[in-house]
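Visitor: Which chain is which? The protein sequence lines are A and B, in order.
For the first sequence, counting from 1, position 49 maps to 50 in the working numbering; every step adds exactly one.
For the second sequence, counting from 1, position 65 maps to 153 in the working numbering; every step adds exactly one.
Calculated from the structure, these hints are not laboratory results.
Zero decoy hints are in this set.
Between beta-carbon pairs, the in silico distance windows are: (1) A/Phe72 with B/Lys172: 21 to 29 Å; (2) B/Val113 with A/Thr33: 17 to 25 Å; (3) B/Gly115 with A/Ile3: 41 to 49 Å; (4) B/Ser102 with A/Val64: 27 to 35 Å; (5) B/Ser102 with A/Gln98: 28 to 36 Å; (6) B/Gly173 with A/Val64: 33 to 41 Å; (7) B/Gly144 with A/Ala68: 18 to 26 Å; (8) B/Asp150 with A/Asp109: 40 to 48 Å; (9) A/Phe72 with B/Arg145: 16 to 24 Å.
Calculated pairs, SDA-like style, for lysine to any residue (alpha carbon to alpha carbon, straight line, at most 25 Å): (10) A/Lys40 with B/Ala162; (11) B/Lys172 with A/Leu104; (12) A/Lys40 with B/Val96; (13) A/Lys40 with A/Ile74; (14) B/Lys172 with A/Arg107; (15) A/Lys40 with B/Thr132; (16) A/Lys40 with A/Leu26; (17) A/Lys40 with A/Trp96.
All residues carry an ideal CB built from backbone N, CA and C; glycine is no exception.
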Amino acid sequence: MIELLTAVFLVGGAGFMLIAALGLLRMPDLLTRMHATTKAGVLGAGLIMVGAAIFIGQLTVVVKAVAVIAFLILTAPVAAHAIGRAGYFMGVPLWSQTHTDELEGRYDPETHILASSSEKPSGNDDQPPRKTSDSDSSRPG
Amino acid sequence: MFDYAIFVAYALLSLALVLSFVRLVLGPSLPDRVVALELLASLTVGFIGVAVVATGRSAFLDVAMVLALTAFLAAIAFARYLEKGGHRIDD
Chain A
2 MIELLTAVFL VGGAGFMLIA ALGLLRMPDL LTRMHATTKA GVLGAGLIMV GAAIFIGQLT
62 VVVKAVAVIA FLILTAPVAA HAIGRAGYFM GVPLWSQTHT DELEGRYDPE THILASSSEK
122 PSGNDDQPPR KTSDSDSSRP G
Chain B
89 MFDYAIFVAY ALLSLALVLS FVRLVLGPSL PDRVVALELL ASLTVGFIGV AVVATGRSAF
149 LDVAMVLALT AFLAAIAFAR YLEKGGHRID D
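Here chain A stands alone, though its shape is the one from the complex (with noise of 0.2 Å):
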C-alpha cells in the first residue's frame, strides 16, 4: 500500500515536471515559459517529495520533506516575479498575439518613472527623482 502511493505520488511528480520542461520548450515567449515552469515544477517537486516522505516515514524525513516543499512554495514565485521584470525591462519581446501591455508607453526603463495614465514618463519637474523607489523596489528577497 505504501509502495503503491509512493509509485503514484513519484510517476504523478515526475509526470508534471516533464510538462512543465514540455511548456517551457514549447511556449511562445518569456512570460509564458515562466508561467509553464514556476508552477508546474513546483508541484512536480513538491509531489516527489511527498512520495518520499511517504516512502520513509521517519519524523526527521517528513520534516525535511514539507521543508523543501514549503521553501519550494515561498522562493518559486519571488524568483519567477524578479526575472519577469528584469525581462520586461531589458526589452525582452512579447508574443506577437500578446492582449494587453498595461506598462507600454507609461514606464521609462531608464528612469524607473512610472508615469500614470495622463502625464508623460519624463518633463516633470514637480516630482522629485525616484531612484531610492528604484533601489527600495529591486532589492532581493
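Please build the complex by placing chain B on the supplied structure of chain A, with the hints as guidance.
Guide: Chain B alone, transformed into the frame defined by chain A:
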C-alpha cells in the same frame, strides 16, 4: 512493480532534463536561459527525491534543501544582474 515505477519516474525526469536543456541552448534571450536553469535546478531536486526512495538514504534530502536554496539565490542574482548590469537588447 515498484522498481518499474522508479524507473518510469527517472525516465520522465530525464526526458524533462533533455527538453529544458534544449531551451537552455536555444535561448533566445538571457532571461529564457535563466528560466531554463531554474527548471533544471528543480528537476535536480526531483531527481534527489526519487533517489531517496530508490536507495533509502534519507540524508540526500539535505542536499535537496540546500540545492533549492542556492537555486533561488542564483535566480535572484541573475535577475539583479540583468536589471542593473547586463547589456540591453535595445542598444
